[in-house]
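Asks: Chain residues, written in single-letter form:
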Amino acid sequence: MKKQALVLTLLLALALLLGACGPATTTTTASPDETPAGSTAPPDSQDKATEPAPAGDKVIKIGVFQPTTGENGGGGFQELLGTRYGNEKIPTVEINGETYKIELVEVDNKSDRTEAPIAAQSLISSNVSVIIGSYGSAVSIAGGEIFKDAKVAAIAPSATNPQVTRDNDFYFRVCFLDPFQGTVMAAFAREEGAEKAAVITQLGDDYSSGLGNFFLKAFKDAGGEIVADEKFQTNQTDFKAILTNVKAAEPDVIFAPSSITTAPLLIQQARELGIEAKIMAGDTWENQSIVDNAREHAEGVSISTFFDENDVSNTAAKDFVVGFKEFLNGNPEYLSKNGGDGVAAVSALGYDAYCVAVEAIKKANSTDPVAIRDALVTLDYADGVTGAISFDENGDAKKDMAYIKVVEDGAFKFLKTVKVGD
Amino acid sequence: MKKNFPASVRLTLSLIAAVGVFFLLFWLEGQRTEQGMLISILQKSVILSIAAVSMNLLTGFTGLFSLGQAGFMAIGAYVTGLIAMPVSSVDNVFYVSGMADGLRSFKESLSVLPTPLLITLALLAGGLIAAIFAALVGIPVLRLKSDYLAIATLGFSEIVRAIIAAPQLDRITNGSYGLKAIPGFDSGGGRGSLLIPFGVAVACITFIVLLIRSSYGRAFKAIREDEIAAEAMGIGLFKHKQLAFIISSFFTAISGGLLAMFMRSIDARAFQVTLTYDILLIVVIGGIGSITGSIVGAFLVTFAKEWWLRFFDQPLVINGFKVPLLRTGFRMVVFSIFLMLIVLFYRKGLMGNREFSWYRLLSWPARIGRRKKSLPSGDEEALK
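As you go down the protein sequences, you meet chains H and R in turn. For the first sequence, position 333 (counting from the first letter as 1) is numbered 333 according to my numbering, and the numbering increases by one without interruption. For the second sequence, position 102 (counting from the first letter as 1) is numbered 1102 according to my numbering, and the numbering increases by one without interruption.
Derived by calculation from the structure, the hints in this document are not laboratory data. Do not take every clue at face value.
With a Cα cut of at most 30 angstroms, we get these calculated DSBU-like pairs of lysine-lysine [said to hold, decoys possible]:
| # | chain 1 | residue 1 | chain 2 | residue 2 |
| --- | --- | --- | --- | --- |
| 1 | H | K148 | R | K1003 |
| 2 | H | K413 | H | K240 |
| 3 | H | K399 | H | K325 |
| 4 | H | K217 | R | K1107 |
| 5 | H | K399 | H | K196 |
| 6 | R | K1003 | R | K1348 |
Bound-form chain H, shown alone (with noise of 0.2 angstroms):
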C-alpha cells in the first residue's frame, strides 16, 4: 500500500510538472489549425531573440535543424550560434508591406540518423517557412527526404556530401563540395612537395570516407602515390593499429578528415608513434578544442576550410566578425562551448545560410514554403560572410574558393587561399 501512495505520488508530482510546462509545447508544436502563412504568436513565445519584437505580432517561423549533441554537438551549436547571431541582427523580415518577426525553431537531431527523420517532422509539424541545417553530411541527407515531402526548402551551412543535395529540389547549401575539397587539399599537398600521401577514413561515415576518397582520386591525378588507405571505426579510440601501418608505408602526407572527438586522440597518437608526416584534414577539424586536446602534437595540422575572420577584403566578413564577437562575449555560455571568442567558418556559414534565408523570404514576398523555394533557386545573394552566394541547378553554392588554415602556437592561422578552376 505505501509503495502504491509513492507510486502515485510520483505520478501526480510529474503530472503537475507537466501541467506547469503545457503552454511551452505550443513554441515548438504549433496546433494543427494554424496556417503555414502567418500564423500568429503564442503569447509566450521564446527568449531566443533577446529583444521584444519590434513590429506587428506576425510571425514567419525558421526551422534549424542541427545537432547538439551526440557525435557532432560540437559543431553543430557553433552553426547554431551563427544562426542564432543572424536572427538577432535581422530580426524582422518585410513581407507585403508588413513586418513579420522570425522566430527560429530548433531542434536537434542529436547527430543520429535514426533520429533525424523524427527531428525533421516536428519542424514541419511547427509549420517553419523554411529550415536551416544541418551540421553533418548524414543527418541532412535523412531529413532531407522529409523535407522535400512536405515541400519545405532547406539550405544546410555546411554539410559538403554531394548526396545532400543530388536528387533533391527542396535542398540547398552556401558551402562548397566534397569533390571540390578533396581537390583543394590534394593541389595543395602536392604544392608542398608530398610524393607519397596516406588516407584514413573513418568506416560507415559518408562525409569521411567521400572526402577521403575524392583526395584519393584527385591526389592520383596530380600525379601523386598513395601508400596506404586505412579505415577505422565509428567510436574507435585507439588508433596504433593503423598508424603502425601507416608509418610502415612512410608517407609525406597524412589525409584523415573525421570527426572532431576522433580527431585530437588520432593526431597525438600519430605523433606519439614518431610519425612526422604532416596531417592535413578538411573543413570539421576548424574546432579550437581539437587543438586544445592534442596541444603541441597539433603543430603544423593543415586544414580547408570555408572561411577566415582575418580576411580584411570582405567588408561584410569585418563586420560580421566584429559582431559575432560581441554577441559570443555577450554570454558565457556561449563563449565557454564555443572554445573561446574566435569565429568558426561554420558559424560563418550558419549566418550565411540564415541571411540567404531572409533574402529568400524577401524575394518571395510570402511566407509560403514553395515560393521560398522557387525564390532561393535564382537567387543572388553578394553580401554573403563566405563570399557572393547563388546556386547552380543541384542547388549548390557556387564557389571557387577555398581557404587553407595551419596550426601554429595552438591556434588556426590563415595560410592561402586555393582557388581551383572548373
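For this one, chain H is given, so just place chain R on it according to the hints.
Replies: Leaving out everything else, chain R in the frame of chain H:
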C-alpha cells in the same frame, strides 16, 4: 479460471475496435500536412513494435536472451533498400564506385514489377535472407546459454554492421555512404503511409501469436521454464530453439525493412547496439513474456521519447523567470528517470506476463474502485 467475457462478446468488441482503428488511421493518413508528426511517430512505434514482439518471442517465450536484433534489422533494411530503390536513382546513390553489374541487371529485371509488389518482395527477401543467416549462426550459437548467448549474438550483429560498411562491399552495399532514395510507405499512390506499416505489423504479430498458441509455442514455453524437464518430455531442444531463433530473425528483418522505408536513407551506423537496447527497453518496459506489453511499450517509449518529452529541450520563461535545467538534451535525462521509475516500481513491466483482455480493460475502473473500498473506510466517510 480467468474471468472473461464470452467469446462472442470479445469478438464483437475486437471487431469494433479494429474497424475504429482502421478508419482512424485512414483519416489520419489524409491529414499528412497537419498531422505529420503524429504520423511519423505512429510509423516508428509500429515498426519497433514488430521488432519488440519478435524479440519477446525469443526472450520472453523461449528463454533465449539474444542481443542480435540490430544485425538482423540491418540485413532486412539493406536488402529491402537495395531491392526497392528505383533503378533511376542507382547512379546518384552509388556515386563513388558504382553498383555491381550483376546486382544492377538483377534490379533492372525486377523493375518491370509494379511498386507495391516490388516492395512486398523486397520485405520478404530481407526477412528470408536474415532467416538464412539466423539458421547458419544458430547452429553454433544456440548451444550457448543465457549471458553467453547474448554476447555471441551481440558479436554477430556488430560483425554484420562492420561487413555492411566494409569498403570491399562498396559496389553492393555502398559501404560507408549508405543507401538513399528508398521509397517511403506512400510511394505507391500517395496513400498507405499508416495502413501499410500497420497492416504488415498486424500480419506479423498475428503470426507470432498463433505460433505461441500452437504446440510449438507450448514447447517454447516448456524450454523457457526448464530445459532438462522439457527434453525429458520429448521436446527437441535444438530444433525448437533454432525454430524460434529463425522466426524471430525473420520478423526482426521485416521490421528492419520497414525502418529503412521509414527513414528513406540508411547507413550502417543506424544499426548500432543502441538500436538493440532500444528494443530490449521496450520489451522490458512492456513486460517480458507479454505480446501486448511489447506493443504498448513500443508506442509508449516512442511517443515519450520523440514527442511528449520534447518540450524539455526548449528553454522556457514563465513571467520572466527562466526555468532552470530546460535545455537541449534534458529530455533524455527525464526519459531515463522515467525508465528507472518504471523498472523500480513495475519490476515486471507494465503488463507483467499478462495479455490484453477486454474483461480486464473494462473492469479496470471497477477494480480501482474496489481497491479504494479496501482502504480504511474513515477516509471515504470524511470525503462525503
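Asks: Against this structure, judge whether each hint is valid.
Replies: Hint check results:
For the given pair, K148(H) sits about 52 angstroms from K1003(R) by alpha-carbon distance, which is inconsistent with the 30 angstroms threshold. Distance check on the hinted pair: K413(H) and K240(H) sit about 29 angstroms apart at the alpha-carbon level, within 30 angstroms; holds. This hinted pair checks out: K399(H) and K325(H) have alpha carbons roughly 26 angstroms apart, not beyond 30 angstroms. Straight-line distance between C-alpha atoms of K217(H) and K1107(R) comes to about 29 angstroms, which keeps the hinted pair within the 30 angstroms bound.
Our distance criterion of 30 angstroms between C-alpha atoms is met by K399(H) and K196(H), whose separation comes to about 29 angstroms. Restraint check: the Cα-Cα separation between K1003(R) and K1348(R) comes to about 22 angstroms, which is no more than 30 angstroms; the hinted pair holds.
The structure is inconsistent with hint 1 alone, although it conforms to all the rest.
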